[in-house]
Amino acid sequence: MTEPLIEANDLEKAYRFFRLSNVALRLEAGQILGFVGPNGAGKSTTIRILMGMIRQDHGSVRVLGRAMPRDQAAAKRDIGFVSEDMHLHAAATVDWHMRFVASIYPGWDGSYAQTLLRRFNLQPAQRVKALSHGERVKAALLLVLARRPRLLLLDEPTTGLDPVARHEILGELMDVVRDERRGILFSSHNTQDVEQISDQITFIDRGRIIDSSDKEAFLDRWRRLSLEVPAGATVPPLPGAVEMTSTGRIAVVTTKAYSPEVEDACVRAGLTIREVQRMTLEEIFVANVMSQRQERGQ
Amino acid sequence: MTGKVQRATQRNRHLDGSVIECILCILNINSELLISQADRRPMYLQIIEQIRRRIAVGDWPPGHELPSIRALAAAVQVSVITVKRAYLELERDGVIVTRQGKGSFVADSADLSLQLRHDELDEHLAAAAGVARALGMSQKELTDRLDTVFKTGNEKES
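As they're listed, the protein sequences go chains W and A. So in the working numbering the end of the first sequence lands on 338, straight run, no missing numbers. So in the working numbering the end of the second sequence lands on 1218, straight run, no missing numbers.
Next comes chain W alone, as it looks inside the complex:
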């Protein structure tokens, strides 16, 4: 068993109007971790702590086996970081940036960079200020991908991109994990991208991790049951039920711990099961956030 690429425990960071508490994250080599949360949930703060750019008030972070932020210089050689507010030099060309990064990182793979230029349809002679938003994101990704770092930390890499650009970027990310030694953490509020390529999923809301597991387990555990409740019968307490709405004789129950047992309990209570639906990651995410906010009385 190789060491995890990321291992963070009990992270705390307090700001005047925002607090990150009890955050734990883990990424194994060869995997993609989708870090999902609404705007302002603490995704960027967490990623910056992983990068050693912000010092946590409390808790331990090891990235590529190095303690952060203490050993950040050594760790960063093998991390590729892309965020929305990362500034390329507007007046410089794509090619200038490529030569600049190549001069700093000995691992720069020039032929892979050329391949990426073609795949992303970027013109090396073009100045950054003339690039569209999508092209700028692709250029920033190219600059980290061609270094072939073991770990990619991507803060909202697909936000604001058109479907074709998203498709190209997701394809490139999947290509990275053909190598079992490498891994990717990417944050997003686009649950469709996360559902498609992630192996592990972690939900964050209002500075807290609210759920975390492998994607297949996530999608298997959550179900929505549509039940017919005859006169005189009531819906019994069901395992993992997080939400129930009823109109007339139809009740809809959302559970986060589905098993045949849930259906048995309904039948025993005299209910008729109309339908058992799987849920998309987006539906799971929303139900999860809403139910946890309710539990906390927020």
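Just so you know, these hints were derived from the structure itself, not from any lab. Here a beta-carbon is modelled for each residue, glycine too, at the ideal position from N, C-alpha and C. Keep in mind that a hint or two might mislead.
List of simulated lysine to aspartate or glutamate pairs, DMTMM-like, C-alpha gap at most 25 Å [stated by the list, open to error]:
1. A/Lys1211 x A/Asp1182
2. A/Lys1200 x W/Glu315
3. A/Lys1144 x W/Glu47
4. A/Lys1162 x W/Asp219
5. A/Lys1162 x A/Asp1119
6. A/Lys1144 x W/Glu43
7. W/Lys296 x W/Asp254
Here are the simulated distance ranges between beta carbons [stated by the list, open to error]:
8. A/Thr1158 x W/Arg139: 44 to 54 Å
9. W/Ser172 x A/Leu1185: 51 to 61 Å
10. A/Gln1199 x W/Ser100: 52 to 62 Å
11. A/Arg1101 x W/Arg56: 46 to 56 Å
12. A/Asp1153 x W/Arg56: 50 to 60 Å
Fit chain A to the given chain W structure using the hints.
Just chain A now, with coordinates in the frame of chain W:
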């Protein structure tokens, strides 16, 4: 990728089918499996079904080597864990065998396509049971219905 196939196909319209076939086989893995997000079924089930179909129609004969999990994941842009799950279930059902360090292959069992047809029947029966449950029918009512359908079929044949 579909765009590329279309373009390649258009460009070669004057060529015969075998050339087009060959272009498609260069684009191999991508054109073999198509995962749809509009499909409500989970992605691992879509992968399983498409591999089973490839085998059932004889495109992938016994002994045929499947793409590696990571290669297929990259080709269809679906997470490794999803493809892994599909392969594990296919292995558990005896459809494919995985040899450590060598890869995954279509199982040698001679009656595999028969087995697949049995599995298909089970799926239809499960779907029928689902509809019956939704209609509030008992198990007995459903089997009675099946008996009737079965008898009608026999009478027609004789």
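Against the structure, the hints come out as follows:
1. A/Lys1211 x A/Asp1182: holds (20 Å)
2. A/Lys1200 x W/Glu315: Satisfied, since the Cα-Cα distance of roughly 20 Å is no more than 25 Å.
3. A/Lys1144 x W/Glu47: holds (24 Å)
4. A/Lys1162 x W/Asp219: holds (17 Å)
5. A/Lys1162 x A/Asp1119: holds (21 Å)
6. A/Lys1144 x W/Glu43: holds (21 Å)
7. W/Lys296 x W/Asp254: holds (14 Å)
8. A/Thr1158 x W/Arg139: 44 to 54 Å: At roughly 45 Å between Cβ atoms, arginine 139 of chain W and threonine 1158 of chain A fall inside 44 to 54 Å, so the hint holds.
9. W/Ser172 x A/Leu1185: 51 to 61 Å: Holds, at about 53 Å.
10. A/Gln1199 x W/Ser100: 52 to 62 Å: Given range 52 to 62 Å: holds, Cβ gap about 56 Å.
11. A/Arg1101 x W/Arg56: 46 to 56 Å: holds (47 Å)
12. A/Asp1153 x W/Arg56: 50 to 60 Å: holds (57 Å)
Hint compliance for this structure: no hint is broken.
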